[in-house]
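Chemist: For the record, the sequence lines run as chains A and B.
The first sequence begins at 224 in my numbering and counts up one residue at a time.
The second sequence begins at 224 in my numbering and counts up one residue at a time.
Worth flagging that the hints you see were computed from the coordinates, not collected in a lab.
Treat each hint with caution, since some may be false.
One copy or two, either will do: identical chains are not told apart, so a pair holds if it fits within one copy or between any two.
[Claimed, not checked] With a cut-off of at most 30 Å between alpha-carbon atoms, the simulated DSBU-like pairs for lysine-lysine come out as follows: (1) K477 x K267; (2) K396 x K332; (3) K332 x K267; (4) K330 x K457; (5) K330 x K396; (6) K267 x K359.
What follows is each chain in one-letter form.
There are 2 protein chains.
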Amino acid sequence: MKVVERIKEPIYEEMELFEKKFSKSMSSHISLLNRITHFIVNRKGKQMRPMFVFLVAKMMGNGKLNERSFRGAAVIELIHTATLVHDDVVDDSNERRGFFSINALWKNKIAVLVGDYLLSKGLLLSIENEDFDLLKIISIAVREMSQGELLQIEKARNLDITEDIYYDIIRQKTATLLAACCAMGAKSVFASKEEVEKMYSFGELLGMAFQIKDDLLDYSTNLKTGKPQFQDLKEGKITYPFFYAYKNANNKQKEILINSLGNKKVQTLKILELIEKLNGIKKTEELAKQFYKK
Amino acid sequence: MKVVERIKEPIYEEMELFEKKFSKSMSSHISLLNRITHFIVNRKGKQMRPMFVFLVAKMMGNGKLNERSFRGAAVIELIHTATLVHDDVVDDSNERRGFFSINALWKNKIAVLVGDYLLSKGLLLSIENEDFDLLKIISIAVREMSQGELLQIEKARNLDITEDIYYDIIRQKTATLLAACCAMGAKSVFASKEEVEKMYSFGELLGMAFQIKDDLLDYSTNLKTGKPQFQDLKEGKITYPFFYAYKNANNKQKEILINSLGNKKVQTLKILELIEKLNGIKKTEELAKQFYKK
Chain A
224 MKVVERIKEP IYEEMELFEK KFSKSMSSHI SLLNRITHFI VNRKGKQMRP MFVFLVAKMM
284 GNGKLNERSF RGAAVIELIH TATLVHDDVV DDSNERRGFF SINALWKNKI AVLVGDYLLS
344 KGLLLSIENE DFDLLKIISI AVREMSQGEL LQIEKARNLD ITEDIYYDII RQKTATLLAA
404 CCAMGAKSVF ASKEEVEKMY SFGELLGMAF QIKDDLLDYS TNLKTGKPQF QDLKEGKITY
464 PFFYAYKNAN NKQKEILINS LGNKKVQTLK ILELIEKLNG IKKTEELAKQ FYKK
Chain B
224 MKVVERIKEP IYEEMELFEK KFSKSMSSHI SLLNRITHFI VNRKGKQMRP MFVFLVAKMM
284 GNGKLNERSF RGAAVIELIH TATLVHDDVV DDSNERRGFF SINALWKNKI AVLVGDYLLS
344 KGLLLSIENE DFDLLKIISI AVREMSQGEL LQIEKARNLD ITEDIYYDII RQKTATLLAA
404 CCAMGAKSVF ASKEEVEKMY SFGELLGMAF QIKDDLLDYS TNLKTGKPQF QDLKEGKITY
464 PFFYAYKNAN NKQKEILINS LGNKKVQTLK ILELIEKLNG IKKTEELAKQ FYKK
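Chain A on its own, in the form it takes in the complex (with noise of 0.2 Å):
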């Protein structure tokens, strides 16, 4: 059994129950609006941010959950869904897990209003329900991520980073809607707010983990993720085994990962070979390790 469906395992009726209610939360008289949201609901990924509601709220709820701990996850994958589409625009993406992107089939213009209106209606979902405390996670979360994509955008190609910024780049864009749906769990069934902030910084660690595991992905020459591989070095971001490489080479070194950090054409197996050799590699699955352990 893969690992996802051994997560989904103990709350599987959840989970089947949160895919209606999901698709009806993105209803609209504009028959347009339908097909497009019948179109995402197809599309659906993994649903990881649900899962961690979902098992959060029954850990913390003695097995049970309740509507408050369904509308969280529908908020949650309401403005989630609403920053994919639009990130797809930003990015002139035409594919979204094997499936066209909505500017694809639908032009730009759509696809940014489909994402308002995924986002108001996350919004109203709360609101008309009272949900002020669940509310206010979501929101927290939205301004963390785009404050850490900033961060990380103003310190692209800008070396003298330290290891505290990497932290708060990766803790900022990643972790912290892995924190949010765990705190939101938790606050659904009304734990303590001790037992929320630790469900919080819980999802925290975890986030990073994943983050660094991500990064690491992107320096591998595995075919299996799927996923196009050196992205963040040809777009000229910094992630971990870069960063630890470019500080353990000699001048020389220096150069060539210079010159290779946002270079569409560069050779990537020779810069592979190298961050091997500056052991970059080896540090992050140690960092990786270290943040599973936490």
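Dock chain B against the given chain A, drawing on the hints supplied.
Modeler: Just chain B now, kept in the frame of chain A:
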């Protein structure tokens, strides 16, 4: 004195104070973000939305505003600014209010992130101060606006739209936001449910009159407005002047009109002449007046 100046007069001090609060509401610890939001504050427009919040709040609150009125105006302006920043990305615009657009100066990716950040700051300003009633007003407006634009796109190039659909489109697309501002002003000073609804309807009628006037300007040869002319026609958007003329046209004229729709190289003066001949301009002027009267 210009109309805007005259409207602003009774709330001059409030608008001054608002600017300071608004600017502060966008601050971040990321320096890139602060540079961009500073730029946004400097290129500010007429600030019609805060103006209407304050005018209504002052009127309904016996001449007094409160902090809720300021926060309500800031939330509307933050969310509105976020959508403008995103719109410029979608339309690939290089300009906004005579300044460069955010995407022109900082690229698409950054512009989208800045939009997300402004949005989350707006949400948190409401949530942290427990202005949930105000947040609901603006969330409904966002939903209605995105649905209105999508309805317009769905009906674009569809010549059998009815007068009611035309009203629906301009109501959702534009009037909703002004209606939300007026309702927000009333709600912020704790006006009764009936008063809030009355103010909502007032803003809606005013917004519809504005939009009809705007649709008319697009068919005008007057260059004072500074807006690109015949944009709606070139983009294939059916607005009232075209709509009315088409209903009145004979088969040959209908063919000419259809061929002009969405045609970037259309002979604008010839089409304008035809629309004028078919009473499209005169009828639209009458319609705008009708809404102002209401």
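Chemist: Decide, hint by hint, whether the structure agrees.
Modeler: A quick look at each hint next to the structure:
1. When the C-alpha separation of K477 and K267 is checked against a cutoff of 30 Å, the pair qualifies neither within a copy, at 42 Å, nor between copies, at 45 Å.
2. With identical chains, the CA atoms of K396 and K332 are at most 30 Å apart both within one copy (26 Å) and between copies (14 Å).
3. For the homomeric pair K332 and K267, the shortest alpha-carbon distances inside one copy (22 Å) and between copies (24 Å) are both at most 30 Å.
4. For the homomeric pair K330 and K457, the shortest alpha-carbon distances inside one copy (26 Å) and between copies (17 Å) are both at most 30 Å.
5. For a Cα distance limit of 30 Å, the shortest separation of K330 from K396 qualifies both inside one copy, at 27 Å, and across copies, at 19 Å.
6. Taking CA atoms no more than 30 Å apart as the test, K267 paired with K359 passes in both settings, with 25 Å inside one copy and 29 Å between copies.
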